[in-house]
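Q: The numbering of the sequence shown is the working numbering, which starts it at 1 and goes up by one.
It cannot be assumed that every hint is accurate.
What the hints assert, rightly or not - Under the rule of at most 20 angstroms between Cα atoms (straight-line distance), these lysine to any residue pairs were calculated in the SDA-like manner:
hint	residue 1	residue 2
1	Lys233	Ala254
2	Lys211	Glu235
3	Lys296	Arg225
4	Lys159	Ala177
5	Lys166	Asn131
6	Lys7	Pro67
7	Lys166	Arg132
8	Lys249	Pro180
9	Lys7	Lys233
10	Lys7	Asp24
11	Lys276	Asp223
12	Lys276	Lys233
13	Lys188	Met251
To be verified - Okay, the calculated beta carbon distance ranges per label pair:
hint	residue 1	residue 2	range
14	Pro68	Gly143	14 to 24 angstroms
15	Ile49	Ser23	26 to 36 angstroms
16	Gln3	Glu116	40 to 50 angstroms
17	Ile49	Glu141	27 to 37 angstroms
18	Asp87	Gly214	28 to 38 angstroms
19	Gly246	Gly149	39 to 49 angstroms
20	Lys316	Glu192	39 to 49 angstroms
21	Arg340	Glu141	26 to 36 angstroms
Hints were generated in silico from the structure; no laboratory data involved. For glycine and all other residues, C-beta sits at the position ideal for the given N, C-alpha and C.
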Amino acid sequence: MAQMRVKASVYRGGTSRGVFFHSDDLPKEEEEQHRIFLNVLDSVNNNQINGLGSGTSHTSKVVVMSPPNDESVHMNYTFYQIGIEHDHVDAHGTCGNLMGAVGAYVVDEGYVDLPEGATSVEVRVFNTNINRVIAMTVPVEDGEYAVVGDYDMAGVKQKGGRIEVKMMHPGGSKLGATMPLGPVHSLKVGDETYEVSVVDIVNPFVYVRAKDLGLTTERLLSDLREDRPLIEKLEEIRLAASIASGLTKTMEEALDSQTIPKIALVHEPITYTNSKGDVTNASDIVIYSKMVSMQKIHRTYAGSGLYNLAAASSLKGTIVEQLAHSIEGELIPIGHPEGRAEVRLQMNASRDDVVYVGLDRTARRIMKGEVYVPNDQ
1 MAQMRVKASV YRGGTSRGVF FHSDDLPKEE EEQHRIFLNV LDSVNNNQIN GLGSGTSHTS
61 KVVVMSPPND ESVHMNYTFY QIGIEHDHVD AHGTCGNLMG AVGAYVVDEG YVDLPEGATS
121 VEVRVFNTNI NRVIAMTVPV EDGEYAVVGD YDMAGVKQKG GRIEVKMMHP GGSKLGATMP
181 LGPVHSLKVG DETYEVSVVD IVNPFVYVRA KDLGLTTERL LSDLREDRPL IEKLEEIRLA
241 ASIASGLTKT MEEALDSQTI PKIALVHEPI TYTNSKGDVT NASDIVIYSK MVSMQKIHRT
301 YAGSGLYNLA AASSLKGTIV EQLAHSIEGE LIPIGHPEGR AEVRLQMNAS RDDVVYVGLD
361 RTARRIMKGE VYVPNDQ
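The whole structure should be built from the sequences, with the hints applied where relevant.
A: Right under this line is the structure:
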């Protein structure tokens with residue numbers, strides 16, 4: 001046969017989409033697994049026309065589900081970011097948005113027992129990328145995730161069933177400390193120096209003030225996706241921060257680690273018209289931010305970024321905390337290009353670490369079947 005067939009499902013989780021496999025349906029050899037991932041998404045064409053991707057970092061993703069190593073969780077899973085126009089499979093970081101889809105998968109595929117008449121169920125999974133347990137409350141109906149619901153999530157026009165995602169003690173999974181360079185670090189980039197905050201919550205993020213790159217409020221709110229000089233400068237800062245934080249040791253390693261650290265521009269709260277045409281008021285958010293993923297301005301905000309940004313807005317002394325408006329309670333409202341997202345957050349008493357972060361997502365199983373993979377590519 002010219003093509004092999006592999007069992008798979010496609011899920012949307014939050015504002016991301018990914019192809020889900022079970023480890024039992026994949027070859028044992030890592031190289032062959034990666035070949036399948038690259039072909040299924042299409043890592044060759046920039047629009048991924050020959051696969052299930054769609055030319056964006058938030059839709060070029062793979063999740064592999066596997067049996068648990070610990071009885072305290074229902075399943076293990078590993079996340080992979082797939083390159084666009086280059087053969088790159090990256091498992092360094094994780095995806096906060098697809099966590100909700102993982103919970104839906106566990107329910108849909110019957111890996112959690114559902115009491116008779118249950119309207120929700122607790123799902124626990126272990127994410128091998130960051131070695132953390134993710135706990136979720138998943139709504140159920142007729143033995144599956146309840147797709148239809150009344151939760152309105154920024155970035156998806158259809159309402160859905162609210163999946164409550166929660167991660168305990170999320171700090172330092174990659175760098176060994178929540179703020180490995182302290183709250184603020186003066187970073188040398190070529191002949192210039194930038195103040196940055198490196199925060200390791202879920203995924204490591206590098207924060208830089210928008211104004212430090214000469215961005216006025218009006219410019220920040222404009223479409224920056226074609227501003228190559230800005231994106232290239234942010235990439236230089238990201239690479240330098242990767243080495244300074246100890247995530248990578250050399251420039252070659254930093255260039256190879258495209259998914260982490262991620263980098264984001266931050267600005268004090270502003271009133272703006274989001275990409276859906278609705279007005280988000282400065283009084284309704286604590287911070288405004290745009291993030292970059294794989295050298296592209298994200299059209300919304302990564303789920304892992306929302307976790308991280310909420311934490312950074314409360315971690316004492318960070319650039320984000322300096323710009324953020326204070327707020328009472330555990331719900332932290334974040335402003336991003338597509339609107340507003342609320343993150344649940346609990347800090348420790350000294351405000352230098354995070355007890356837990358939580359985020360509500362929706363998900364949907366889009367298809368389940370078989371994908372075809374050319375045997376000679």
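Q: Output the numbers, in ascending order, of every earlier hint that fails for this structure.
A: 4, 9, 12, 20
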